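*Asks:* Here is how the chains run, residue by residue.
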Amino acid sequence: DTEVTQTPKHLVMGMTNKKSLKCEQHMGHRAMYWYKQKAKKPPELMFVYSYEKLSINESVPSRFSPECPNSSLLNLHLHALQPEDSALYLCASSQSRALTNLSYNEQFFGPGTRLTVL
Amino acid sequence: GEDVEQSLFLSVREGDSSVINCTYTDSSSTYLYWYKQEPGAGLQLLTYIFSNMDMKQDQRLTVLLNKKDKHLSLRIADTQTGDSAIYFCAESGYGGSQGNLIFGKGTKLSVKP
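Chain order of the listed sequences is A and B.
The first sequence maps to residues 1462 to 1579 in this note's numbering.
The second sequence maps to residues 107 to 219 in this note's numbering.
Each hint should be verified, as a subset may be incorrect.
Computed cross-link-like contacts, DSSO-like style, restricted to lysine-lysine with a CA-CA straight-line distance of at most 27 Å [what the hints assert, rightly or not]:
| # | chain 1 | residue 1 | chain 2 | residue 2 |
| --- | --- | --- | --- | --- |
| 1 | B | K142 | B | K162 |
| 2 | A | K1502 | A | K1470 |
| 3 | A | K1499 | A | K1479 |
| 4 | A | K1499 | B | K173 |
| 5 | B | K142 | B | K173 |
| 6 | B | K173 | A | K1502 |
| 7 | A | K1502 | A | K1480 |
| 8 | A | K1514 | B | K173 |
| 9 | A | K1497 | B | K142 |
| 10 | B | K176 | B | K214 |
| 11 | A | K1501 | B | K214 |
| 12 | A | K1480 | A | K1470 |
| 13 | A | K1502 | B | K211 |
| 14 | B | K174 | A | K1470 |
| 15 | B | K174 | B | K211 |
| 16 | B | K211 | A | K1497 |
| 17 | A | K1499 | B | K211 |
| 18 | A | K1514 | B | K162 |
| 19 | A | K1499 | A | K1480 |
| 20 | A | K1501 | A | K1514 |
| 21 | A | K1502 | B | K218 |
| 22 | A | K1497 | B | K214 |
| 23 | A | K1499 | B | K174 |
| 24 | A | K1483 | A | K1497 |
| 25 | B | K173 | A | K1470 |
| 26 | B | K142 | B | K214 |
| 27 | A | K1479 | A | K1497 |
| 28 | A | K1483 | B | K142 |
Just so you know, the hints here were simulated from the structure itself, not pulled from any lab data.
Computed from a prediction, not measured in an experiment: that's the story for all the values here.
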């Protein structure tokens, strides 16, 4: 299984709602990532988990809260979002980010969740 | 900081070759990648090249790397309408990127029948 799955595919939420995005992989990867992608732009890195521990937070507002309950799952909890947070949210995974192989970073991407905040 | 630049658009006719260019600034980049993104979909890794190589061929895809000029190109032979997508160049390395992917802005390839 070389697939990264994401649910839901589409999500519409109000600014007072709480929702969660889910990501799953069964490739034995120990690094997982959340990206935000606005239209006609490249993906922007939000968070990196390595061995289920948060290793990188790219100054993301606290209304986005990541969680990695186990090595196969990655969640992104959303609360009190703004309309400008509307975007495609992509999850990715890769082999471990051990220092020896840090430079090679083949990431497998999920299809994304299209989020609209009203 | 690190920067990856690409031209934004390319239009070709079906059957022609497409060449998408990319320049990067981080001299410590060790791997360079080409990702393809179709509308409404995630990114798919097409190919990658290690920085001590100057060429890599994989079926219809040829990657050329000029490390001195920090220039990378992706050539697609016999381009098909199914190749229409956005192509992102990305780099990773031991430098400022800390192994993370640094993406270019993407080149939108349009293939006309």
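*Asks:* Which of the stated hints cannot be reconciled with the structure, identified by number in ascending sequence?
*Replies:* When the structure is compared with the hints, numbers 4, 8, 14, 18, 20, 23 and 25 turn out to be violated.
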